[in-house]
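We have chain H already, so just place chain F on it with the hints.
Protein chains: 2
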Amino acid sequence: MATSENQPKKKLIEPRTLKGFRDFLPEAMIPRERLIERVTKTYRNYGFCPIDTPVLEYLEILLGKGSDETDKQLYRFKDSGGREVGMRFDLTVPFARFSAQHLAEIGQPFKRYHLAKVWRGENTQAGRYREFMQCDFDTIGTTSVFSDVETAMVINDVVERVDLRTEDSFTKFKIHVNSRKILNGALEKIGLSDRSTAVLRALDKLAKIGADRVVEEMKETASATEEQARSILAVATAEGSNEAALARIEKLLEGSELGLEGVADLRQILDSTASAGIPKERFVVDVSIARGLDYYTGTIFETFLDEIPQLGSICSGGRYDNLAELYTKQKLPGIGASLGLDRLFAGLEELGMVEKTATTVDVFIPMFDASLATRYVTLAAGLRRKGIGVELYPEAKKLGQQLKYADKKGFKVALVIGLDESARDVVNLKDLRSGGQLEVSAEIESLASKIHSVLSDGLDPQ
Amino acid sequence: MATSENQPKKKLIEPRTLKGFRDFLPEAMIPRERLIERVTKTYRNYGFCPIDTPVLEYLEILLGKGSDETDKQLYRFKDSGGREVGMRFDLTVPFARFSAQHLAEIGQPFKRYHLAKVWRGENTQAGRYREFMQCDFDTIGTTSVFSDVETAMVINDVVERVDLRTEDSFTKFKIHVNSRKILNGALEKIGLSDRSTAVLRALDKLAKIGADRVVEEMKETASATEEQARSILAVATAEGSNEAALARIEKLLEGSELGLEGVADLRQILDSTASAGIPKERFVVDVSIARGLDYYTGTIFETFLDEIPQLGSICSGGRYDNLAELYTKQKLPGIGASLGLDRLFAGLEELGMVEKTATTVDVFIPMFDASLATRYVTLAAGLRRKGIGVELYPEAKKLGQQLKYADKKGFKVALVIGLDESARDVVNLKDLRSGGQLEVSAEIESLASKIHSVLSDGLDPQ
Numbered sequence: 017m018a019t020s021e022n023q024p025k026k027k028l029i030e031p032r033t034l035k036g037f038r039d040f041l042p043e044a045m046i047p048r049e050r051l052i053e054r055v056t057k058t059y060r061n062y063g064f065c066p067i068d069t070p071v072l073e074y075l076e077i078l079l080g081k082g083s084d085e086t087d088k089q090l091y092r093f094k095d096s097g098g099r100e101v102g103m104r105f106d107l108t109v110p111f112a113r114f115s116a117q118h119l120a121e122i123g124q125p126f127k128r129y130h131l132a133k134v135w136r137g138e139n140t141q142a143g144r145y146r147e148f149m150q151c152d153f154d155t156i157g158t159t160s161v162f163s164d165v166e167t168a169m170v171i172n173d174v175v176e177r178v179d180l181r182t183e184d185s186f187t188k189f190k191i192h193v194n195s196r197k198i199l200n201g202a203l204e205k206i207g208l209s210d211r212s213t214a215v216l217r218a219l220d221k222l223a224k225i226g227a228d229r230v231v232e233e234m235k236e237t238a239s240a241t242e243e244q245a246r247s248i249l250a251v252a253t254a255e256g257s258n259e260a261a262l263a264r265i266e267k268l269l270e271g272s273e274l275g276l277e278g279v280a281d282l283r284q285i286l287d288s289t290a291s292a293g294i295p296k297e298r299f300v301v302d303v304s305i306a307r308g309l310d311y312y313t314g315t316i317f318e319t320f321l322d323e324i325p326q327l328g329s330i331c332s333g334g335r336y337d338n339l340a341e342l343y344t345k346q347k348l349p350g351i352g353a354s355l356g357l358d359r360l361f362a363g364l365e366e367l368g369m370v371e372k373t374a375t376t377v378d379v380f381i382p383m384f385d386a387s388l389a390t391r392y393v394t395l396a397a398g399l400r401r402k403g404i405g406v407e408l409y410p411e412a413k414k415l416g417q418q419l420k421y422a423d424k425k426g427f428k429v430a431l432v433i434g435l436d437e438s439a440r441d442v443v444n445l446k447d448l449r450s451g452g453q454l455e456v457s458a459e460i461e462s463l464a465s466k467i468h469s470v471l472s473d474g475l476d477p478q
Numbered sequence: 017m018a019t020s021e022n023q024p025k026k027k028l029i030e031p032r033t034l035k036g037f038r039d040f041l042p043e044a045m046i047p048r049e050r051l052i053e054r055v056t057k058t059y060r061n062y063g064f065c066p067i068d069t070p071v072l073e074y075l076e077i078l079l080g081k082g083s084d085e086t087d088k089q090l091y092r093f094k095d096s097g098g099r100e101v102g103m104r105f106d107l108t109v110p111f112a113r114f115s116a117q118h119l120a121e122i123g124q125p126f127k128r129y130h131l132a133k134v135w136r137g138e139n140t141q142a143g144r145y146r147e148f149m150q151c152d153f154d155t156i157g158t159t160s161v162f163s164d165v166e167t168a169m170v171i172n173d174v175v176e177r178v179d180l181r182t183e184d185s186f187t188k189f190k191i192h193v194n195s196r197k198i199l200n201g202a203l204e205k206i207g208l209s210d211r212s213t214a215v216l217r218a219l220d221k222l223a224k225i226g227a228d229r230v231v232e233e234m235k236e237t238a239s240a241t242e243e244q245a246r247s248i249l250a251v252a253t254a255e256g257s258n259e260a261a262l263a264r265i266e267k268l269l270e271g272s273e274l275g276l277e278g279v280a281d282l283r284q285i286l287d288s289t290a291s292a293g294i295p296k297e298r299f300v301v302d303v304s305i306a307r308g309l310d311y312y313t314g315t316i317f318e319t320f321l322d323e324i325p326q327l328g329s330i331c332s333g334g335r336y337d338n339l340a341e342l343y344t345k346q347k348l349p350g351i352g353a354s355l356g357l358d359r360l361f362a363g364l365e366e367l368g369m370v371e372k373t374a375t376t377v378d379v380f381i382p383m384f385d386a387s388l389a390t391r392y393v394t395l396a397a398g399l400r401r402k403g404i405g406v407e408l409y410p411e412a413k414k415l416g417q418q419l420k421y422a423d424k425k426g427f428k429v430a431l432v433i434g435l436d437e438s439a440r441d442v443v444n445l446k447d448l449r450s451g452g453q454l455e456v457s458a459e460i461e462s463l464a465s466k467i468h469s470v471l472s473d474g475l476d477p478q
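Protein chains in written order, with our numbering: chain H, 17 to 478; chain F, 17 to 478.
With the rest of the complex left out, here is chain H (with noise of 0.2 Å):
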């Protein structure tokens, strides 16, 4: 640490961030704390594991993985040991080689989560953070389509919990779900495999550019007949419940094995979510979306908010065939999903669902006099004992300045004991929402009751 012996007074450094980065103050962290907790509660009840995988890689496992564009955004340099390093742009590649190095200790299936941040030097426009939070869930080493149910639930169980302002409320969202076997099956059927991926370009502009030229774009890059591009499309727009659609697609994919697995998928995920107490309307069958063009392989799923569906996907993810190709001849095919926790978050926020609170506990205890400071001391200590957790003001400061900082953090009971309560053995408890308050007994056990009712009940006004 710097030294403040003998050295020439130095210009001050100007305290910021770097752009694109951002501090969170403990009003922004504490509900990101708690949706990270039912985040992970979530994915450990399913028994998904925590991994941990280090911020920086070798160079050459990053580099090629992502899209020209994550290559170009990477954070990378020389070490000082000379070595070409890079930080993690995303958890899929770092779980990739991960899973390529320890195979033989995980074992397959394997099931992991792992929420980290990452960094991709990305344009700082438009609300883009440089560093931000990913909270990803894969499960590897099968191919079963109740991995695929699983991963749904998984999902829903999420979304339907990011409501912060309370412990019961639940959020309207819908998981569009789809299957690359569909699309991959109807290109085969009328010989545009080899062509897929043009295809597929053009087809995700639909929502933007309208039919017509979806096709006009089909013919051009994938050279591909009217009929054929009518015929994809046909599929791709399938409309009406999910059965209906689902059936049509059937009609429209007859004699594609691929396709017609691609509908017998999506059919166990709506009916074993169902019977597992999933409402069905949170499922909408859409084959238009056609997430990471090159590779996922099976079921995709996307989520939108009920509210706020122009926020885009915040959770989403699919099947893939092969996750460590670059590593491995192991063959290891897995599904798994991410949520975007920083753009729900901004969501979150634009809907009121983030209650502002700049405090980690409930009971305030100010330092009323100076000569009773150790039987605050001991009074919060045997509350947090008791599981109520307690902030004891350090200084004895006027009662109105501590109450005022009290009210600006957001506690919501103050527990104040002056000389002649403290004789008493008494304590005058403050609702600090209502500004009622009532002198109680110092008792831990009878003053923790107390608190406990006070809490949940609130004090009337006096």
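Simulated from the structure, these hints should not be mistaken for lab results.
Check before you lean on any hint, since a few could be wrong.
Same chains, same names: a pair is fine if it fits in one copy or spans any two.
Said to hold, decoys possible - Cut-off 25 Å, straight-line C-alpha distance, at most; resulting in silico cross-link-like pairs (SDA-like, lysine to any residue):
no. : residue 1 : residue 2
1   : K133      : Y74
2   : K296      : L388
3   : K413      : L274
4   : K221      : R144
Same frame as chain H, but now just chain F:
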């Protein structure tokens, strides 16, 4: 993601981590998460609030704050926008920058915790890692000794609960306390204040080289007289019970206001923590600890596990006068400490205090019969709603193979349901630890309560 279409076979990239970096597999990560959860809970219980800062900072923020050594160990580079940046090497420097930058918003006093990774390009011999985790908590904006008391209590509560085997085991440890005011007072009294760094540096070698050579070094490097050196040593080696040591120091420091303030601080910490119910023998007044020579100005803490003191201090900290002097003219006094998670973990493993498990849930449902898959999915969902985490095997492999998987991962209970059990609406509940089994009703309410009782009491083998 990499396309598999029309690409020539590429040479495999060796999956490896950088020297000094490591992956955490579930067996390592599950107990780490458990410890992090406990630490966080303790910090929060006292009203410390979470913050977060970017991994990357402007280089000027990081340089010159640490020692020459941390400067040398810094991961630094020029980003694609031409900015000189570095990865944080501790959480104190970012906190200092953060405090100066957001002072108006956070107010004073301000209590924060920050659990995050830091990076140092250290020599990787002797089990040192280049990426490790720090768990800091600090109270700034007050010089009150009751923040010192609270820091002592937090250290106690955290370290008390690091035994990860059970919910109720308590570790045996000692918190060594000192105050820099004591030695500074002694130096002041004998007129050596201007040579404190050299004197303290010599003193820090006491255990290694003995009293006589420390005296020699003080004479050489600080131009101290024999008497001055001996008088400092007398203070630094005051022994006996805490009370006896403090009484002796008090006598030696007679007339030094600063020194006596240090004695009073330590007495307040000992008294208040004892009143709050912390065993007196947990604290050791130890004037020989002189952490972070130039940075600390008051109370200092170091914490040692009784069974492996040679591990070194696992939780250290102290009081400082001015946190953010490089970034703001506003003086920010405070006190804080940091739990060294990686060092602690090495100790816990040595002591057998880390239970190995590769699963986050206790209950395993094998997919015994593929035709019953949705039945299993539904049962698992029902149990999860009752708060019981469940993993469902995704494929209908041979039962023996699935139970081997369950055994390797460490599940405690398996629920086996074949066609016969399903028809009769019962479950074969297996205790995977004892080998015992029992046929029970598949009705969720009663099954959940049966699982709870088997998990806590076990099931006799048959």
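So, going through the hints one by one against the coordinates:
1. K133 <-> Y74: Both. Shortest intra-copy (17 Å) and inter-copy (18 Å) distances satisfy the 25 Å Cα cut-off.
2. K296 <-> L388: between (61 Å within a copy, 21 Å between copies)
3. K413 <-> L274: For K413 and L274, only the inter-copy Cα distance (24 Å) is at most 25 Å; the intra-copy one is 74 Å.
4. K221 <-> R144: within (23 Å within a copy, 51 Å between copies)
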